[in-house]
Amino acid sequence: MEVLLAIMVGTLYASGIYMILRRSLVKLIIGIILLGNGANLLIFLLGRIAKGSPPIIPGDSKVFLEAYSDPLPQALILTAIVISFGLQSFAIVLVKRAHKVLKTDDLDEMNATDEYS
Amino acid sequence: MTEQLVIYPLITQMLLAIVLMFFWSRIQWQRVVSILGSLINLGVAVWLFVTVWQGGTLSIQAGNWEAPFGITFVADTFSATLVLLTSIAGVAVSSFSAGSVIPARLKFGFFPIFHFLLLGLNGAFLTGDIFNLYVWFEIIIITSFVLLTIGGEKAQLEGAVKYFTLNILASIVFLTAIAVLYGLTGSLNMADLASKVAAVENRTLVQVNALLFLVGFGIKSALFPLYFWLPASYHTPPSAVSAIFGGLLTKVGVYALIRVFTLIFEVDPFLENVLLAVAVLTLFSGAVGAIVQNNIRKIFSYLVICHIGYMIAGLGMMTEMAITGAIFYLIHDIMVKTNLFMMSGVIYKIKANHNIRKLGDFYADHPKLSLLFAIPLFSLVGIPPLSGFWPKLSLISEGWNTDNFIVIAAIIFASFITLFVIVKLWGEVFWKTGEKLPEVRNFPYFNKLTGIKKAQMLAPIIFLSVVSLYLGFGAGNIQNLAERIAFELMDNQEYINTVLSK
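Residue numbers (our numbering), protein chains in the order written: chain A, 1 to 117; chain B, 1 to 502.
Pulled out of the complex, with its shape left as it was, chain A reads as follows (with noise of 0.2 Å):
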């Protein structure tokens, strides 16, 4: 399982970083989720997974009896899923707005801001 996850995790990555790296606009968004996903998989990987019960303490006792599995990555990754999605629906607005006023989808015509002036 875990080897398993950690090729999905660099396949994630690698292939999101290889989008970015595209000229079109759509494909850099494309890119960022890849990424994120990434990201929070490998959150999840590092966060040990552990086949236990989930983390209650019977009322009785004040430790856990039997092995448990970790619920702050589950949190992490919530809140990062939570923050990627929020960014990536402003991206994907920016773009269609971009594309709009500078009537291109490709990333080498928009150099106006970097030319020498």
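It is worth saying that the hints were derived from the structure and are not from the lab.
A couple of the hints might just be wrong.
Result set (SDA-like, lysine to any residue): computed pairs, CA atoms no more than 25 Å apart in a straight line [stated by the list, open to error]:
no., chain 1, residue 1, chain 2, residue 2
1, B, Lys436, B, Asp365
2, B, Lys154, A, Val95
3, B, Lys368, B, Thr433
4, B, Lys154, A, Ile57
Residues on chain A that point at chain B, a partial pick, calculated with CB under 8 Å [claimed, not checked]:
no., residue
5, Ile32
6, Ala39
7, Leu42
8, Phe90
Heads up, the beta-carbon is just placed ideally off N, CA and C, and yes, glycines get one too.
Got chain A; can you put chain B on it based on the hints?
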């Protein structure tokens, strides 16, 4: 009871932003509420600073979950100082935007978003939890996206695409670094991480993790190979937005770098070399970039990059004296860069142009304004009694003590180029006989504005100039403050004990 004080700067900004939302279409009210609220926030920040200065580090645990399990907010002298500086810049920019930003932009919720940005900045300075720091960073970048694109001009959208791509990339690298750190230690509380990271046996992995943090924060603070988004985007939004970006946004990255590398990771010789190399290259490339530009705001953008190098050089040398220099420089830089971008906004309102080749005659037409603008310009260069001089002195002397002669050379080179660029700018904009610029139709020229708006634009520049002068002439006090911060950063036991309530 005093512990509660730590989150007051957050609460005031958040309440202010929410109140402003109720005045969504009533712009006149928004201007008044924003300025008044910023003043209240400044008062709260001063209160926090004085309390921390007198009583030492404060911390509060959200929901009474004891550290390291809950989310912690900490105010040590470093955090409190930065919150104070944010509030000072916040008052200035709030007043400046009330005078300068056009109503069409204000109608899209400029002020609420601006205060959410300040909320994010205060949060990032006060949090004591590394994942919470990530969340505040996201609040900062999402609000800065909106401020950057508000108005939707062509250049703004183009700059925004670059800005947002690289900032999201930085966030993802930061998130990756947090994931690895959590996998290594099983903790997210910064004070708790300090001892747990030191106990990790696989040092190579710790080094890789530290480098991931360096890259993530390096993109945000515009370090050498990672700064290309900054000159592409900082000159596109209204000057009020550029002012808060240039003054504070890159400094959050510097704050995070200083915090992470003094508290969590030990700086070993390898990391020290990386930091110093990056600092030297940042100083060189920023300075050289500033020479060739003709747009005032692009010149300042490159100077923002260049001067980040001083602080990273101080961090890289990693002695108490060098950190003192870096902190002093940070304090000076926030005030001066905010002021410079506001100044460029006033010049633009008067002449309707940003190109220094086309501008001119400024001293002949506006002698008093020119004298006022001389203060931030020459503070930036660091002509001796002014504020930029003292931190450079400590950095150079510390470079001498630790035999980092290349760093000294880079600092002197960058200071020299800054002087050259400012003298060129002064000659072109203020002294040269300018050509007759064509009248732009429907442009809100400065002399057509009402007296209140003129005052709203000039008062913050005077205010920040006075602060800059104080930083220079009262350098002894600031030096004391910076020394105390550096002492607390190097000997972080008080921070750790307060958070973990030992």
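Now for the hints, and whether the structure bears them out:
1. B:Lys436 to B:Asp365: 13 Å, holds
2. B:Lys154 to A:Val95: Distance of about 12 Å is within 25 Å: holds.
3. B:Lys368 to B:Thr433: OK: Lys368 of chain B and Thr433 of chain B at ~18 Å, within 25 Å.
4. B:Lys154 to A:Ile57: It is violated: about 57 Å lies between the C-alpha atoms, which goes past 25 Å.
5. Ile32: 5 Å, holds
6. Ala39: Holds: closest Cβ of chain B sits about 4 Å from Ala39 of chain A, inside 8 Å.
7. Leu42: 5 Å, holds
8. Phe90: Hint on Phe90 of chain A: holds, closest Cβ of chain B at ~6 Å, below 8 Å.
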